[in-house]
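Peer 1: The residues making up each chain are set out below.
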Amino acid sequence: MVAQDISLALPKGVRHALIGPNGAGKTTLINLLTGMLQPDRGDIFLSEERVTALRPEARVRRGLARTFQINTLFPKLTALESVTLAVLEREGHAHNWWRGLPRFGASADEAAAILASLNLAGTENRPTHELPYGQQRLLEIALALATRPRVLLLDEPAAGVPKDESAGIFGAIAGLSSDLTILFIEHDMDVVFRFASRILVMVGGSILVEGTPEEISRDAQVREVYLGKAHRG
Amino acid sequence: MANASSTAARYFEGQVRWRPLEIVFWLAALLPFVVTPAYLSLASQVAITALFALSLDLLVGYAGLVSLGHAAFFGLGAYSAGLLAKHFWNEPLSGLIVAAALAGIVGYLLSHIIVRFRHLTLIMLTLGIGLLLHEVANSATWLTGGADGLQGVKVTSVLGFRFDLYGRTAYSYSLATLFVCFLVARRIVHSPFGLALRGIRENALRMPALGAPNQAHLRKAYALSAAMAGVAGALLTHTTSTVSLEVLSFGRSADVLVILILGGAGRLYGGILGAIIYMVARDQFSGINPQYWYFWIGLLLVAVVMFLPNGILGGLSALYKKSE
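Residue numbers (my numbering), protein chains in the order written: chain A, 1 to 233; chain B, 1001 to 1324.
A few of these clues could be false.
Straight-line C-alpha distance at most 27 Å; calculated DSS-like pairs for lysine-lysine [to be verified]:
no.	chain 1	residue 1	chain 2	residue 2
1	B	Lys1154	B	Lys1086
2	A	Lys76	B	Lys1321
3	A	Lys76	B	Lys1086
Hint data in this document are derived by calculation from the structure and do not stem from the laboratory.
If you're wondering where the values come from, they're calculated on a predicted model, not measured in any experiment.
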């Protein structure tokens, strides 16, 4: 999907929802912001810094983290190993091959604390592929949080999760630091209107409209293009 | 929180701790001195091959990179140790260091090309580099002796112990070097860098989303693995006092991959076990029929990949877990 003519600002600490029909270009936008796709033209800034030409890992180190719509985890690593790896990468210790992992107890402690903060305590020593699907979705978020992001982009964080469990995932997201800027893609309108303070509606690769949940729910274009369709469904 | 923290730290301590079976294994490595003293030369070859397989395991088993040209680094180590002993000095330990450094530097330089590719392209690229080096050594007869091999390599003793006909010194030297390199490999895989390599193996696409510089990690892995392969090559030179063109051959690259798959990649001991089984089987089968012994190796390989996809050690490990 092509994304074009997008002018977008994500103020600090604001929870944004990115909604739109399938194929609207939502994931493409996240791929562009995180450097997994390169734009033909235009610029991306993180605070005052232009990051358009930076590689994805460089953007992560500057505080731009993401999760994936389809679980993109480390199947044979345990939950603790996975998150500790993310912490070690952030701290610049992952290049160290001459000191054993037990010497990095503080990193492991931090990883365990992140897992506990997302209600994943008790899963630390289990290989990722053995975790229930809902916990794997939370581990996606734990990995992103371990990079200590300033901006967190969540691509359908509760995709494929039963509705009762998705509330738990969004509850955990709502509990994240208020300094953290969050943009999440979500199709469940109840969840969007409950957790977002700003909503962006994307159609055909462009941002159709942006506003508060109240503004969006009143917007005639949105009702026609997106919500109307959802309400009829 | 405090409990969670201490549990987290203990988890990694538990992974690094030596298992009793490991200690038994290394003590058993001394048995050939008393049980099969007539086979110490073979034991020495096994130790060298095990070290070569260990070096490949860092790439294949931990970083998830397949190589069909790893003999390039083995051969570089073998030739550099041979040339050093022939033209400059014949103290072997410094020869090991020179071989490791040279192979490691070449590995690091080549890695800038190699780590950009994956799958079939990577296999063909490593195969091509191996063949290139083989032919370079073949044509540079003034330096390498070409197809006749490098003659006149004289390494008479190591730390004052003279190389004897029975292979006592050769096996002691090879085993001690294997053990030291094993300790280094063990440290690498249980380090933050080792965890990063496992992360790349498990999901190379996710790593950049953690801020990980995949290519820098892989370049370092290549250099370390190449250095270790260089040490194995140098050991062969020191213990046989000759360097044949075969050290750079495709056959050697393929054999070491077979050995690793037989034993079980990604377990450190898999390569060592594979080397023991492969070398002993080769010795025994070629004794039965010198012409067709590869038939049995082929059969063994087919049986292992069909019934023990994680190698012999992987199969044993699964059995042990079941019994628990």
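Peer 1: Starting from lysine 1154 of chain B, check that the Cα of lysine 1086 of chain B is at most 27 Å away, please.
Peer 2: 6 Å, holds
Peer 1: Please verify whether lysine 76 of chain A and lysine 1321 of chain B have alpha carbons no more than 27 Å apart.
Peer 2: Holds. Lysine 76 of chain A to lysine 1321 of chain B sits at ~16 Å (cutoff 27 Å).
Peer 1: Is lysine 76 of chain A within 27 Å of lysine 1086 of chain B, Cα to Cα?
Peer 2: Judged against 27 Å, a Cα distance of about 48 Å means the pair is violated.
Going down the numbered hints, you'll see the structure goes against just number 3.
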